[in-house]
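Chain A is fixed; fit chain B onto it per the hints.
Chain by chain, the residues run as shown.
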Amino acid sequence: MVKSERIEAQRVEPTPRGAWLIGLAAWFLPGSGHLALHKWGRAALMGGAVWVCFFVGLAMGGHLFYVTMEGATSFLQWSVLIQIPPMAANVGSGILYIACWLMDIGFRDDPQQAARATYEYGTTFLLIAGLLNYLTMLDAFDIAAGRKS
Amino acid sequence: MRHLLVMALFAALAAIVFGAISKDTPRERWIYGVKVFAEFMVIGLVLGWLLRFIP
Numbered sequence: 000m001v002k003s004e005r006i007e008a009q010r011v012e013p014t015p016r017g018a019w020l021i022g023l024a025a026w027f028l029p030g031s032g033h034l035a036l037h038k039w040g041r042a043a044l045m046g047g048a049v050w051v052c053f054f055v056g057l058a059m060g061g062h063l064f065y066v067t068m069e070g071a072t073s074f075l076q077w078s079v080l081i082q083i084p085p086m087a088a089n090v091g092s093g094i095l096y097i098a099c100w101l102m103d104i105g106f107r108d109d110p111q112q113a114a115r116a117t118y119e120y121g122t123t124f125l126l127i128a129g130l131l132n133y134l135t136m137l138d139a140f141d142i143a144a145g146r147k148s
Numbered sequence: 000m001r002h003l004l005v006m007a008l009f010a011a012l013a014a015i016v017f018g019a020i021s022k023d024t025p026r027e028r029w030i031y032g033v034k035v036f037a038e039f040m041v042i043g044l045v046l047g048w049l050l051r052f053i054p
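In order, the protein sequences belong to chains A and B. Every letter in the first sequence is one number past the one before it in numbering that gives the first Met the number 0, and letter 41, counting from 1, is 40. Every letter in the second sequence is one number past the one before it in numbering that gives the first Met the number 0, and letter 44, counting from 1, is 43.
This is chain B alone, in the form it adopts within the complex:
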């Protein structure tokens, strides 16, 4: 559980900066930030499950 929380915190911090520096309008920035956060989380979980099968 703690690993997931750390990953979520990491994704949130990166998404905040990525969202803030990109796009033109605040709405687009929010959407992009949420998208980056979701991508970090999904890719992290997928990679985590893939690595589970590697001895």
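With the rest of the complex left out, here is chain A:
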């Protein structure tokens, strides 16, 4: 949010309930928040960027993260804690992450997949898709809350 919008935001009323729903929808289905707000251009650009980023990441053989206790005895062990940030980034992709999780796509630790030249690129694309969707979600939320036009 730019400075002029922040100053404007301080004057507006409490966040309407609809804004939270728009934010949730924007996270769940990338681009849907802006679609609900009739911001067609932004929905196509920002939602499209997230979808493209995610599918290109998958096509390049990227890896999706989830927290596993494999080899650990407690949640507080470093080997478990270190899995949380990449998982949080991946979860940002919403339905795309959930669908992959349900279909077990991209989660396996496959040495052949890891040996691909594009494996690291793909993993980075998948992480960034989630992070970009968080930004998209916040933008949709701000627009719905009247803090941004």
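Keep in mind that the hints were calculated from the coordinates and are not lab data. Keep in mind that the hints are not guaranteed to be accurate.
To be verified - Here are the simulated DSS-like pairs of lysine-lysine, each with C-alpha atoms no more than 25 Å apart in a straight line:
| id | chain 1 | residue 1 | chain 2 | residue 2 |
| --- | --- | --- | --- | --- |
| 1 | B | Lys22 | A | Lys38 |
| 2 | B | Lys34 | A | Lys147 |
| 3 | B | Lys22 | B | Lys34 |
| 4 | B | Lys22 | A | Lys147 |
| 5 | A | Lys38 | A | Lys147 |
| 6 | B | Lys34 | A | Lys38 |
All values derive from a computational prediction rather than experimental measurement.
Okay, now just chain B, sitting in the frame of chain A:
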């Protein structure tokens, strides 16, 4: 060549989102998006060349 294209695609996707969420006018957003894209590309190339000399 493929590495450069992947980097360019990554920079473009990030620049689209960064450009769309920032600034006030469409013109400013375009300029900011192009600037972000250029920064990603230049920094990527510079880092690539620097890492080339590290064994």
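Hints, verified against the model:
no., hint, in the structure
1, B:Lys22 x A:Lys38, "holds, 16 Å"
2, B:Lys34 x A:Lys147, "holds, 22 Å"
3, B:Lys22 x B:Lys34, "holds, 13 Å"
4, B:Lys22 x A:Lys147, "holds, 11 Å"
5, A:Lys38 x A:Lys147, "holds, 12 Å"
6, B:Lys34 x A:Lys38, "holds, 24 Å"
When held up to the earlier numbered hints, the structure conflicts with none and fits them all.
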